[in-house]
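Visitor: The residues making up each chain are set out below.
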Amino acid sequence: MKAFKVVPVLLLLIYTAASITRWPTHTICKNNNLEVKYRSCDPLQDLALGVDSCSYVPGIVINIRIATILRYTINELSVDISLILNGQTIPIYAKQLCEQNHPEFQFCGKKKGEYIYYEGPVSLNMEGIPQGEFNISAQLFNENRNTVVCADFFIRNR
Amino acid sequence: MACCTYCWLLMGLLGLSYEVSKPLNQMCTELFTNRSYSCEGLGLTELPEQLPFTTEVLDFSFNFLYTLQHSTFSKLKALVHLDLTRCQINWVYEGTFESNIYLETIVFTGNNLLFLARTAFTGPQRLKHLDLTQTGITKLTFIPMQDLHNIETLSLGGNYIQSLELPPGFPTRKLKYLDLQMNIIQTISIRDIKALKQANNLTLNLRGNKIMHIEPKAFSSFFFYNLDFGSCINISVILDGLQGVSTVVLWLGSFLGADNPPIQHSTLQGICNISVDYLTLQYRTFLEFSGDTFQCLSKLKRLDLTHTSLSELLDLPQMNLLKELNLNQNRFSNLCDIHSSAFPSLTHLYIQKNYEAMDLNSGCLESLSKLQHLDLSRSHIESLDCCSNQLRGLNGLQHLNLSYNHNLSFHNTAFNECPNLEVLDLTFTHIIISNSQGPFHNLHSLKILNLSFSRIDTSKQNILQDLNSLLVLNMNGNRFESGTIFSDNFFQKAPNLEVLTLASCQLLSIEAKAFFALKKLKHVDLSHNKLIAFSSDVFSNHRNIYLNFANNRIHIIPRDLLTSLSGQSIINLSYNPLECTCSNIGLLTWYKQNIDKIEDSEETVCSEPKSLEGMKLFSINLSCGYSTARTALITLVVIIVIVVTFILIIRSLKQNQHQI
Chain A
344 MKAFKVVPVL LLLIYTAASI TRWPTHTICK NNNLEVKYRS CDPLQDLALG
394 VDSCSYVPGI VINIRIATIL RYTINELSVD ISLILNGQTI PIYAKQLCEQ
444 NHPEFQFCGK KKGEYIYYEG PVSLNMEGIP QGEFNISAQL FNENRNTVVC
494 ADFFIRNR
Chain B
168 MACCTYCWLL MGLLGLSYEV SKPLNQMCTE LFTNRSYSCE GLGLTELPEQ
218 LPFTTEVLDF SFNFLYTLQH STFSKLKALV HLDLTRCQIN WVYEGTFESN
268 IYLETIVFTG NNLLFLARTA FTGPQRLKHL DLTQTGITKL TFIPMQDLHN
318 IETLSLGGNY IQSLELPPGF PTRKLKYLDL QMNIIQTISI RDIKALKQAN
368 NLTLNLRGNK IMHIEPKAFS SFFFYNLDFG SCINISVILD GLQGVSTVVL
418 WLGSFLGADN PPIQHSTLQG ICNISVDYLT LQYRTFLEFS GDTFQCLSKL
468 KRLDLTHTSL SELLDLPQMN LLKELNLNQN RFSNLCDIHS SAFPSLTHLY
518 IQKNYEAMDL NSGCLESLSK LQHLDLSRSH IESLDCCSNQ LRGLNGLQHL
568 NLSYNHNLSF HNTAFNECPN LEVLDLTFTH IIISNSQGPF HNLHSLKILN
618 LSFSRIDTSK QNILQDLNSL LVLNMNGNRF ESGTIFSDNF FQKAPNLEVL
668 TLASCQLLSI EAKAFFALKK LKHVDLSHNK LIAFSSDVFS NHRNIYLNFA
718 NNRIHIIPRD LLTSLSGQSI INLSYNPLEC TCSNIGLLTW YKQNIDKIED
768 SEETVCSEPK SLEGMKLFSI NLSCGYSTAR TALITLVVII VIVVTFILII
818 RSLKQNQHQI
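These protein sequences, in sequence, are chains A and B.
Heads up: the first sequence begins at 344 in our numbering, then just goes up one per residue.
Heads up: the second sequence begins at 168 in our numbering, then just goes up one per residue.
Among the hints, a few may not be true.
What the hints assert, rightly or not - Some chain B residues close to chain A (C-beta under 7 Å, calculated; not the full set):
| # | residue |
| --- | --- |
| 1 | Asn427 |
| 2 | Pro429 |
| 3 | Lys490 |
| 4 | Thr812 |
What the hints assert, rightly or not - Straight-line C-alpha distance at most 20 Å; calculated DMTMM-like pairs for lysine to aspartate or glutamate:
| # | chain 1 | residue 1 | chain 2 | residue 2 |
| --- | --- | --- | --- | --- |
| 5 | B | Lys520 | A | Glu442 |
| 6 | A | Lys373 | A | Asp395 |
| 7 | A | Lys454 | B | Glu319 |
| 8 | B | Lys520 | A | Glu419 |
Think of the hints as simulated: they come from the structure by calculation, not from any bench.
Backbone N, C-alpha and C define an ideal beta-carbon position, used for all residues, glycine too.
Based on the sequences and whatever the hints tell you, model everything.
Guide: This is the structure:
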């Protein structure tokens with residue numbers, strides 16, 4: 344009988360656990376050599392992202408497509424990309440994409456609630472993708488350090 | 168028993184259904200008591216009843232409202248600012264804001280509006296800002312204008328508006344900003360914009376519209392503050408249509424990756440008949456750059472040529488009024504390639520992020536005697552004898568940015584040519600000092616010096632020689648011999664220093680007299696070092712000083728190092744391995760009594776003993792020394808011992824008397 348008493352409590356616990364947002368993992372690239380998956384780490388929303396090619400040639404830019412609804416205005420926008428190794432975060436790339444008076448992209452200056460869609464090249468400035476499995480974290484944030492886009496990537500390169 | 172179980176189940180399910188249908192009322196965040204609330208993203212389908220009628224600012228974005236009608240906001244009579252971004256609103260019925268007479272701002276961004284009733288905005292007397300960005304609007308007549316007489320900002324970007332034909336009665340009396348960017352306007356006629364003639368100092372944003380034709384003289388005799396035709400495909404078409412216009416700013420730039428036709432010799436001819444102070448052509452390209460291209464730009468005061476693939480500015484017409492020139496992200500291989508004599512009145516020059524390694528050469532900017540602000544950061548500059556020849560003639564220079572370049576070697580006379588410098592930024596540029604005298608010694612007006620991550624030789628005693636006006640010094644990321652700041656150091660030469668940052672310098676210790684001469688220090692950042700002592704005694708000022716010792720290796724702080732900090736002093740001890748034991752009781756006691764002097768108390772936690780690891784310092788209650796009960800017990804024992812001893816002595820004396 345004691346087990347029955349626990350049921351409602353368990354139900355409540357399951358409900359609470361389920362309400363903690365965990366976005367699905369999306370696979371954007373998978374072939375014999377390379378597999379790239381990502382999951383949004385923005386507590387507010389998932390992320391829509393795609394690449395036009397599932398192979399990486401050093402020096403050649405990759406075309407990406409990204410769509411999101413802004414939860415914050417982006418008068419300024421910066422990106423931080425880090426390698427996650429044994430729980431440690433190692434910064435590998437940082438750049439300011441939007442400056443207040445010098446918008447580099449058309450989406451610079453967009454406001455909270457606006458839908459933005461970017462289709463275009465991204466230069467990785469890398470010699471090649473290292474062999475093995477590793478995790479990359481990418482975060483875009485605005486002038487007040489509010490997270491605009493956050494994604495954790497899992498990359499497997501054989 | 169079964170009944171009891173069912174009760175439990177019922178309670179559980181009730182709890183669940185309550186959670187699902189009413190998650191919220193108390194979840195709106197109060198930002199300012201009784202006045203400002205945020206209910207953003209709570210999944211609400213109606214306004215919480217608990218919102219007080221005094222609410223002035225309400226962020227209700229990212230909820231679900233579907234329709235708005237008279238009753239929706241009728242209780243919130245004091246509303247001034249209402250944010251309804253992305254609430255899936257389709258229908259806005261008559262008199263929606265009738266009760267909200269003080270409303271000044273309504274944000275509808277991202278709602279797919281299917282209907283706005285004629286009296287939708289009746290009520291607010293002072294409606295100034297109406298944001299209808301990305302609301303699916305196809306024509307301007309969809310918006311009821313009759314109640315917008317006081318409108319200052321009308322945002323209609325990201326819609327499907329085809330015609331700029333402004334309806335009769337379009338409110339221009341106070342209009343300052345009309346945003347129509349990213350619509351599908353292709354033509355502009357005289358009749359379309361007739362109403363805008365009455366507007367004064369208006370910003371008209373038509374960025375991202377594919378404008379193919381503007382009726383000749385459509386903008387003639389208009390006066391704007393800012394005309395934005397950014398990303399337009401054909402600049403000539405725009406300029407032909409703008410003949411006779413006056414505007415402070417004309418934005419004809421583009422963006423990275425846009426595939427626009429290049430600017431030709433004749434493209435900018437139309438500017439001859441336009442009055443403009445500030446022109447931007449960022450992210451455009453020039454087919455074959457020559458002086459002819461710029462012949463109509465001689466009256467400009469500001470010109471922005473960021474990322475225009477320029478490698479030389481040759482044969483420019485005289486631009487005697489030009490005050491500010493932006494040449495960022497171009498391909499100059501030599502500073503002299505900008506031929507600065509064409510703009511002798513320049514006060515601000517920016518050549519940041521040059522794509523080629525740029526040679527500074529001698530006297531390239533000699534004609535710019537009025538230059539105050541020069542930014543050459545991130546331009547791959549390297550110089551073995553910087554900078555007296557390179558900065559020749561720049562007597563009025565106040566602000567020089569040479570950060571994020573390569574090696575710069577400074578001799579005695581490095582800055583002799585610009586003695587009026589107030590700000591010098593050399594961060595992340597490798598500085599080599601090759602002289603006995605300080606390279607900055609003649610900069611008597613220098614107030615701010617950034618030498619962070621410059622790999623400067625800190626053993627040189629003359630670095631700051633004669634910098635009597637220096638207030639702010641950033642030395643982050645530089646190394647000091649033996650990881651120690653010795654008593655005899657170069658900081659002493661800048662006695663008026665108020666702000667000193669020494670973060671990430673791998674410091675192990677600071678000698679007792681290291682900063683004693685710096686009587687005016689107010690802000691010291693020693694974070695991210697390897698210091699084991701909180702050496703507040705090395706500073707002579709203990710009133711109103713900010714000391715950041717975060718991310719060091721401090722275990723214990725004696726109380727006397729803390730008690731001397733008075734007035735408005737603030738300290739940061741976060742991310743240190745602080746001991747929460749009786750040997751650190753001095754810190755623990757002082758900390759609780761002076762929590763107002765602590766910055767980042769959330770991350771100021773115990774590391775020892777293991778049982779208290781991670782606990783915030785202010786939550787620690789440590790009992791050290793003797794308690795009252797223990798004191799009473801010890802006193803009792805002592806008394807008993809004395810009494811027993813006394814009795815024994817008396818007995819023994821009595822026995823001795825008997826024996827005698």
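Visitor: Each hint: holds or not?
Guide: Structure-based check of all given hints:
1. Asn427: 12 Å, violated
2. Pro429: With a closest approach of 19 Å, the Pro429 (chain B) hint is violated.
3. Lys490: Violated: closest Cβ of chain A sits about 16 Å from Lys490 (chain B), beyond 7 Å.
4. Thr812: 63 Å, violated
5. B:Lys520 with A:Glu442: 14 Å, holds
6. A:Lys373 with A:Asp395: Holds - the C-alpha atoms of Asp395 (chain A) and Lys373 (chain A) are around 12 Å apart, at most 20 Å.
7. A:Lys454 with B:Glu319: 18 Å, holds
8. B:Lys520 with A:Glu419: 18 Å, holds
Hints 1, 2, 3, 4, counting from the list given before, are not met by this structure.
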